[in-house]
Amino acid sequence: MTEEQQTGSVESVSGRVRPQVDLFVGLALLLLGIFVVYHSLQMPGVEHRRVSAFYHGPGFVPGLLGITIAGFGTIILGRSIWEGGLNLKGAGGQVVDVFRRPEPRRLAILLLLSLGYAWGLIGRVSFSMATFPFVLAFILVYDWENTTERAQRENWLVTLGKRLFGLQISWSVFRERVLLVVTAIIQAALTAWIITYVFENIFLRRLP
Amino acid sequence: MLEGIVQLFEGITTVSSDGWNLFHIAWATLLGICVGMLPGLTATLGLTLMATLTFHMPPGQAILILIGMYVGAIFGGSRSAILLNIPGTPANAAVALDGFPLARAGNVGRAMGIATAGAVFGTLIGMLCLAFFAPFLADRALDFQSHEFFWLAVLGVVVSGRLTASEDPLKGWIAGFIGLLVAMVGQDVLQAYPRFAFGYDQMRGGFDLLPVLVGVFGFSELLTVMKTPVYPSAQTTKDRVIPKIREVLGYWKNITGSGIIGTFMGIIPGVGEDMGAWVSYAYARAISKKRSLFGKGSWEGLISSQTGCSAAVPGATIPVLTLAIPGSAPAAVLLAALFVHGIRPGPLIMDENPGFLYEVVAMVLLASLAILFFGLLLTKPLLKVLEVPRNRLMPIIFVLCVVGAYAVNSRVFDIWVMLGFGVLGYFMRELRFPMAPLILGVVLGPILDENLRRGLGLYDGSVVPFFTRPICMGLWIVIAITFLLGTTWFPALLARLRDATLGPPRDEPSEEEDE
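Sequence lines, in order, name chains A and B. Sequential numbering of the first sequence, starting at 19, is according to this note's numbering. Sequential numbering of the second sequence, starting at 268, is according to this note's numbering.
Hint data in this document are derived by calculation from the structure and do not stem from the laboratory. The reader is advised that the hints may include incorrect statements.
Said to hold, decoys possible - Among chain A residues calculated to face chain B with C-beta under 7 Å, some are: (1) Ala71; (2) Arg119; (3) Ser132; (4) Thr149; (5) Ile157; (6) Thr209; (7) Ile220; (8) Phe221; (9) Leu222.
Even for Gly, the Cβ is constructed at its ideal location relative to N, Cα and C.
Extracted from the complex, chain A is given alone in its bound form (with noise of 0.2 Å):
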């Protein structure tokens, strides 16, 4: 395996996109253009308004820029092949292990919360219904890891639990992730409420 192979992300050692990622930008390219050019084809001509030359329908400049962005994207894609785009072994494996690392776990969990919120709360409950839980959510869901590390840091409560009755680190991580729980459920009340009332009493806005 080449250390280029190794690195496991969309680009190579060098900082270039990989030519196998681009292999799919291409042709996902040239996809979108024909697919721009056949809907600017199906519009419908402007004869009806007594008007017959092509340039005034509605579909002429789109389909022109489907014409441009499927030659940009067969640019792409021929010179993704040039570069041994089509050398597809090992690429399987190198997806498994870009999803093995932490970033797109912490991806796709930002992603699930922000459409939930956006798609699945707001709108149905109240503006400050639905926000709470957002930000509780996402405080809780990122800062929950960084608790066991707060609280191997040595401070004066720690040392004296130690000394004092020999408590160990996992009060001091249950204390850390009460404190977060708490600190979380005040921050996530005060702004759904300041927000709220900023934007509808202050800038006089409508909120969803």
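Following the hints, complete the assembly by docking chain B onto the known chain A.
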């Protein structure tokens, strides 16, 4: 000329004589500095959110607040660049190159002071160009008709794509053309036919610019920031922050050169502040006698890059006011806000509303004074902004993104648009597509569409005037050269032709000599 100077003083007097204006510029600039300082919050996002908040305000005050936010955010980004080596906004990436090594060497305060001086002088040079060059450009722009506006739209996308994606210009152009395509969604300007609506009523109106901007610069940035590890803690300042006047004046060549370069880069549609900083940095390196220090802690590099990116702010407002074409992504928000408030920017601005241009100049002047004040006197309190935990801040930012997208038209559909473009923007960033041409494409799409069809209609479908009218000729030649220079084969062909006619360059050291 004399009339212009009188109007300039009138504008300054009008804006600065109102106490509320001074109050608004102070808090907006301070907020802008805080937004710019925080990695993950860009000037574009700050302006977009602020634009949605200022809808109900009088136009003059709303634009004043947006200018303060714009100038402040571009300046604020240099703080995190110097202290953390993480540019607060993309515009400050060049500042980090020398700012961070200088801070690490124990010059934290001095580096911030010099950067502040650079930002103030850069903004002032850009402001002077805005005051004296914008009326001239507006006058010239009266000669522009459909054919010229079509080429101007193409030029914006092509040049922006080329300059913002120097590693792979093709991706810059693709981003620009995707932006143009996005602008095609909804009713077309001439026939009112709902394009690409697929039967959905909400799609008939097309995509509003502000939700797209919040998605591309807000939500996608949030996805990028939350994916990466937590940024390191900032360094503290112990040395002197306020620079000596003689020391700053010692860099006059860097300041004037970078100020002019930054303004010019700001004027080019869609190129903006980051290119202003990079080109100024390259200029400083070229004229410096201490080139080896660049990238390791050069004062010239620091002041030039900061001057360049700050000068691009007033530079980017020049085409906004005179051509209704944004010079950068934040300037696109400014343009949208002008339309929302009923101000019609464009070639006729000097006829219809000449005082407004000079009021904008006065707003930039006040904002530059505000960054001078806050940048030098509030250094230590402002460092606290960098200590705000990211996990606590980002959910609030997302809620503001949702509110900001919704507040434009009070449509839940705009929240979905924001989310969709946020995800699209995230993947495009990951695949190294620049975002500025995408946004410029969305802004220029209707201009390109309308003027191409009108231009063809005026001459019975003939494309000849598009190539033979004098201004058109200049524009399409620049576009063609930009395209050709963005390919791999054309520069190679030029080099081969040069070698064939003049022989290989003699002063190039051989590899053995280097070793």
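Here is what the structure says about each hint:
1. A distance limit of 7 Å between C-beta atoms decides the matter here; for A/Ala71 the minimum to chain B is near 6 Å, and the interface restraint holds.
2. The closest approach between the C-beta of A/Arg119 and any C-beta of chain B is roughly 10 Å, which is over the 7 Å cut-off, so the hint fails.
3. For A/Ser132, the interface hint holds, the least distance from its beta-carbon to any beta-carbon of chain B being 6 Å, beneath 7 Å.
4. Because the closest C-beta pair between A/Thr149 and chain B is about 5 Å apart, less than 7 Å, the hint holds.
5. The beta carbon of A/Ile157 comes within 6 Å of a beta carbon in chain B, closer than 7 Å, and the hint placing it at the interface holds.
6. Checking A/Thr209 against chain B: minimum C-beta separation of about 5 Å stays under 7 Å; hint holds.
7. At about 9 Å, the closest approach between the beta carbon of A/Ile220 and any beta carbon in chain B exceeds 7 Å, and the interface hint on this residue is violated.
8. A hinted interface residue such as A/Phe221 counts as satisfied when its beta carbon comes closer than 7 Å to some beta carbon of chain B; here the least separation is about 5 Å, so the hint holds.
9. The beta carbon of A/Leu222 is positioned within 7 Å of a beta carbon in chain B (closest approach about 5 Å), and the interface hint is therefore held.
In summary, the structure is inconsistent with hints 2, 7 from the numbered list given earlier, while agreeing with the others.
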